[in-house]
Amino acid sequence: MSTRWILSAFVAGLIGSVCLGNDAASLGPPDEVARVAAEIDRLIAAAWEANGVTPAPVADDAEFIRRAHLDICGRIPPASAVRDFLDDESADKRRRLVDRLLGTATYIVHSTNLWRAAMIPEADADQQIRFFLPGFEAWLRSRIAENRNYAQIVEEVLTFPFESAQMQQFQQPDKPTPAAFYRAKEAKPEKLAAATSRIFLGIRLECAQCHDHFFDKWKQDEFWSYAAFFASLRGEQMRPEGDAEQAAAGETESAERRTASLAPVVMIPGTERTVAAKFLDGSDPRWEADVDARQVLADWVTSPENVYFARAAVNRIWASHFGVGLVDPVDDFSVSNPPSHPEVLDLLAREFAAHDFDIKFVIRVIAATRAYGLTSRQTDESQQTPRMFARMAVKGLTPEQIFDSIAQATGYQQPFNPEEPLNFNNDQRRQEFIETFANSSDPPTERPSTILQALSLMNGEFVADATDLSESRTLAAVAEAPFLDTPQRVEALFLATLNRPPTDGESAQFSRYVSAGGTSDDPDAALGDVFWALLNSSEFLMNH
Amino acid sequence: MPRLLTLSRRDWMRISSAGVLGGAMAPWFPALAERAATDPKRTRSCILLWMSGGPSQLDTFDPKPEHENGGEFDPIDTSVPGIQICEHLPQIARQMQDMAVIRSMSTKEGDHTRATYLARTGYLPQGPIRYPTMGSLFSKELGEQTADLPNFVSIAPNRFVSPGAYGPGFLGPQYAPLVVGDVARGGAAMDEDDSLRVRNVNLPGGVDHRQLDGRLELLGTLETGFAASRPDVTVESHQLAYEKAVRMMRSQAVGAFKLDDEDNALRDAYGRNPFGQGCLLARRLIARGVPFIEVSLNSAGDNQGLGWDTHQDNFTGVRAMCEILDPAWATLMTDLGQRGLLDSTLIIWMGEFGRTPQIAADRTGRDHFPAAWSTVLAGGGVRGGQVVGRTSEDGMKVEDRKVATNDFLATVCRALGIDPDVQNISNVGRPISIADREAEPILEILAGSTHGA
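Protein chains in written order, with the working numbering: chain U, 1 to 544; chain W, 545 to 997.
Keep in mind that the hints were calculated from the coordinates and are not lab data. Check before you lean on any hint, since a few could be wrong.
Listed next, the in silico DSS-like pairs over lysine-lysine satisfying Cα-Cα at most 30 Å (straight line) [unchecked claim]:
#1 U:Lys188 with W:Lys608
#2 W:Lys608 with W:Lys946
#3 W:Lys652 with U:Lys191
#4 W:Lys608 with U:Lys219
Simulated coverage check for chain U against chain W, where a stretch passes if three residues somewhere in it have a Cβ under 8 Å from a Cβ of chain W [what the hints assert, rightly or not]:
#5 100–111
#6 365–372
Idealized CB from N, CA, C, for every residue including glycine.
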C-alpha cells in the first residue's frame, strides 16, 4: 500500500477549530445574485401555490454545508469546517460559504469532472479515449480555474484546429488540449453534429441522422446540414463543380449566390442528395472566404441571441445542484419534453448571457434560491414530485464524489504529483474504485446502488483500511486523542462522515456500543465498527 | 413518482425489523442445497446466451451451401434428419432434438446500440421511458425476492455498446442483475477463475460474522432514521443492495461461484475460457434456483472484443467464436440434462441482428443485417428438433413466418410460463406489457402446444 499520510495538524483539523482559509474568492455582485434568486423564488413559489404544494422547511446548517460542499467541491466538508460553520452566527454565512467554495481548488477539479463527463461521456466506456483524458482535463481545468466565459470555452472546442490526420498520430496524452473531444467523436461530421447539438444546445438530432424524427421536428436534411459544418474534418468537403466554377467567375453572380456557394456540403449517406451547411434555426450563414466553417458555427452557437445555448448550459448547472433539470433529461429540449418552469429557465439563461456566461454567477444564484436551501426530509405528500423542487432530492454520488468523500472522511491522502497538482485521476486506487462505481448512464436522483458496490464498501480494502486503527488516520486520531470521552469520539466520527452531530438517541446507542467494547471487548475495534457503519450508511453515500 | 415505493419501503422495514440487516440475532441462512429436480414446486428458469455483436446466420444456423452468399463453410447433418447447420458447431448438431431454430427473425434496426436495446428489452429507445432488460422482466416473474442469491445474474456482459439495454429500467434497482466477470474492456484473455468470482464477498481479514452483526446493528439504526422521511429511490436502492449483499455473504449458496469445486474434466469440456466457464457457472446457479442467468460471448482469442461483429475476415472470426460456443453450449445442455434440469430450463441463443448475406470481397466481411437472421430456443418449454421460418435462396429476405422481436419475446414468455401481457408501471406512469400486445408467439415451438411443427 503506497498511501502517504501527512499527520501534521490533522488532529487539530479534525476536532478543533481552524481558520477556514482561502477567503480570497472573488465575491460576485451580491445584489445581482440576490435579485435573480428572489425572482426565481417567486416563480417557484407560484408553481407551488398553483399545484397545492407545501414546501419542506429550510435545511439546517449541517445539511446545507454538506450539500454545498458536495455540489460545488465534489466532496464532503472536513469536520473542522462543519464545526466552524455551525458556530458562525452571521446572517449571510451561506452566501459567504458558497463564495468561498467557488474559490477552492476542489471546485476546479469537480467542475472539470462534471463538464468533462458531459462533453466526453464516451470515456466512461472506452479505454482508448480515456487515455487522452489527462490532456483534455488539464485544458479544461485551466479554463475553469480562470473562470473563463463559458461561450469562449465552447467556442474553443468548436473551432479547435483538429485535422483528421491527427486521429492516427501519437500525441502526448497530458498536453493541455481539447483534442480528445474530436477523438471521442472520431472526427466524424455526423458524430460531431450529434454531440455538439446535444451537449451545447440540448437538442437531440441523432435520430434524424438516419430518418426523419418520428415525433419531433428535426428532419434528416437538417441533421446533415448541421453536420456539414464539420465536413472539412473528413477531408470530403464537396462542392458541385459547376457551382465552384461559377463562384470563381464571381462578378456575374449575385452576392447571395456567391456566399452560398462557399458553404460546405455533405452527401447524405445512402442517398444521392447533398446538403449545404445551414443553422438549425433554418437561417443561412453569411459565408466569407478564409473563414472556417466551424468558426461560423461557433459564432452562431455561442451567440447571446441563441437561446438554446444559454438554456442548455444553465439547465445542466441547475440539474447538477438539484439532481433534476428544469428540462429533464438535461439534453432533450423538445416539444414533447417541456421545461417544468419555463420562466425560470428563460430568466436564468438571460442572466447567464447578460453576465458574460459566468458559470460561477449561475451557481451563486442557484445556491441562493430558497428551493436549494430546503431540507431533503419529506414533510408533506405534495413534496413527492421532484420537479416541483419542494424539497431537496436525495441524489446518488458520482464515483468521484464517493471516493473523494471517503478520502476526506478517513484522511486518505491522495498521491500528489507536483507537476499536476489538480489531477487526482492518476491515483490507481481511485481509478479502480471509480470503475466499480461507474453508473454514469443514470440520472443522479435515480442512480442505483449495486450489490457489488455494497460489497466493495463493506468488505473492500479501501474501507477496511479506513476502519482499521493501524491504517486509518481519522480513526487513529479520534481513538487516541486523550482529551475526548466516548460520546465525544462518537461525535467526532459523525462530524467527519455525516457532517452533523449524532442525535441523542444515536449518541447513547453508539457510545454504549463502544464502551462495551463492541462484539470483541475492544473499544478501539468498536470505534472502528462505528466508523464502518457511518461510511456504509445511505446518509453518508448520498447527497441530500 | 409513485413507482411502488411504498410497498418496497414497507418490505424494507419489515426486513430490517426481522434483523436481516442488523441485530445480534441475525438469522443464519442454512446452506442451500442444489434443488432436487423432482421438486414439484420448481419453476422454470432461463439462460440467455447473448451473442454480442450480431452473429452471422449463414455461417451458423442458416447455411446456404448452394449460393455464393453461403461462404466457405460446409453444412453438416444434425441429430434431426433434414436439419443442417454449420460444420463448426458439431457438438451442438448432436443436440438438435432439443432445439428449435428460428431462421426468420426480421427487424429494422441495424445499429448496435438501438438493435441491442430492441432485442434485449423488446422496445426501441423512446424518450424518457427506461425499458427493463429481459433478465429483469423475467426474473421478476420467476424469482422470489427473499432468495439467498440474486434472481438475475449477468456473466461478462459487454454493456458499453448499449448500457440501457442491460439494466432493470423502470422496474427499479431490486431487479438489477448481479454482474460478475464484467468485461468492460472487451478482452477475452482473462483468468477465468478470478474473473467469475463475486468480488469482496468475504469479510476482510480480522473481522468475523459476530462483528459484522454488531456493525449492521449500528447501520440499521442509521438507515431507519435517514430513510424514515426520505422516500427516494436512491435510498431504497442503497438499502436493497446492502440487504442482498449481506444475504449473500451469510449464505452458503455463494459457493455456487466457486468453480474449482467442479470436476476438472467437466470444466475442460465446457472450455477453459470466460464463456465456457460462464456456462458452467450458469448451470451451478440454475441448480441453486437462480431463475435467470445471461452469459455473454463477446470475443474469441485475440480478436480484441470484436466478437461476432465480423466486418473484416468473417470466416476466421466466426470459426473462432464457434469453437468457443460449440463445446460450452453443448456441454451445458448435456450437463443440465444429466441433472434433470434441462426440461425446466429454457436456453435462448441470440444476438442483436444477423450479418449481410453478401460478402464484402475486399475485406471478406459481413456487415449488419437485421432483415433476415436466426435465433435458437432450446431446452425446457420448447418442442425441439424443428426449424421455424425460411429465408430466400440468397438469404436476403424472409420468405416464410416472419418473426419480430416482440413475437420472439412473447414466445419466450410462453415457454417460461409467463403471461406476455403482464403489465408493469413504467417510470412515466404508463403500464407497459412485457411483450407488446400486438406480439404473436410462435405457438408451434411451444412444448405441449397442439400445433404441428
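> So which hints don't hold here, by number, going up?
Replying inline: 1, 4, 5, 6
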